[in-house]
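Chemist: Each chain, written out:
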Amino acid sequence: TQLLEQSPQFLSIQEGENLTVYCNSSSVFSSLQWYRQEPGEGPVLLVTVVTGGEVKKLKRLTFQFGDARKDSSLHITAAQPGDTGLYLCAGERSRGATNKLIFGTGTLLAVQP
Amino acid sequence: DAGITQSPRHKVTETGTPVTLRCHQTENHRYMYWYRQDPGHGLRLIHYSYGVKDTDKGEVSDGYSVSRSKTEDFLLTLESATSSQTSVYFCAIRDRGKGAYNEQFFGPGTRLTVL
Chain A
1 TQLLEQSPQF
11 LSIQEGENLT
21 VYCNSSSVFS
31 SLQWYRQEPG
41 EGPVLLVTVV
51 TGGEVKKLKR
61 LTFQFGDARK
71 DSSLHITAAQ
81 PGDTGLYLCA
91 GERSRGATNK
101 LIFGTGTLLA
111 VQP
Chain B
1 DAGITQSPRH
11 KVTETGTPVT
21 LRCHQTENHR
31 YMYWYRQDPG
41 HGLRLIHYSY
51 GVKDTDKGEV
61 SDGYSVSRSK
71 TEDFLLTLES
81 ATSSQTSVYF
91 CAIRDRGKGA
101 YNEQFFGPGT
111 RLTVL
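Those protein sequences? They're chains A and B, same order as listed.
The opening position of the first sequence corresponds to residue 1 in the working numbering, with each subsequent residue numbered one higher.
The opening position of the second sequence corresponds to residue 1 in the working numbering, with each subsequent residue numbered one higher.
What the hints contain is simulated information worked out from the structure, not anything from laboratory work.
C-beta: ideal position from N, C-alpha, C; glycine also.
Among these hints, one or two may not hold up.
Said to hold, decoys possible - Listed next, the stretches of chain B that the computed footprint assigns to chain A, with coverage defined by at least 3 CB atoms under 8 Å from CB atoms of chain A: (1) 41-54; (2) 102-115.
What the hints assert, rightly or not - A few chain B positions that, by computed beta-carbon distances, are all more than 10 Å from chain A: (3) Lys11; (4) Thr20; (5) Thr26; (6) Gly63; (7) Glu72; (8) Asp73; (9) Thr82; (10) Ala92.
Pulled out of the complex, with its shape left as it was, chain A reads as follows:
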């Protein structure tokens, strides 16, 4: 059972465009993280959101946690070729209780120069 659904699965855009990636679930998470993975490397943590409605910004990337803590979005403004990669969301169901993360299936982003 895939508890975290990401959309879209693939996205190919031109440099300078804006985009939004979604991470949805019917379950509540105590925290949700976003990772970026480049080819041949492991995922790298970008951000952790923990409060319903929370918004965090990382340069041109804006992350939002849904009010009910069941979903999250990642918005990229003026995408650059360096943003290319696989974006993964991951959630923790209950803080500290399971010691496990549930990963979404990922969104593969290609930014063309």
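Dock chain B against chain A, hints included.
Modeler: Quick look at chain B alone, frame taken from chain A:
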């Protein structure tokens, strides 16, 4: 950089042979994880460890075993490799971080091909 290394980085083996992958960390983290990554499935947890000799199963543990005899090393063994175990394997550690959330940091991965 969480000081995580994985070995080997690439391995090709034949069906039925045993394979052991090693994850090594240098920062004394208590929690260590093994994941596999396959197209369309994201990252799936195989096994994890919460201390020396303390391990638990993940969602895709069948056909895999693990051992942790030292804090710094977490070994993943495929007792008799099958073609369905062809995948990229990632090791991760959990960093308690500021808020004690499960923030994980990953090694570079091992690409395993079972012929």
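Chemist: Which hint numbers does the structure go against, in order from smallest to largest?
Modeler: As far as the earlier hints go, only 10 is violated by this structure.
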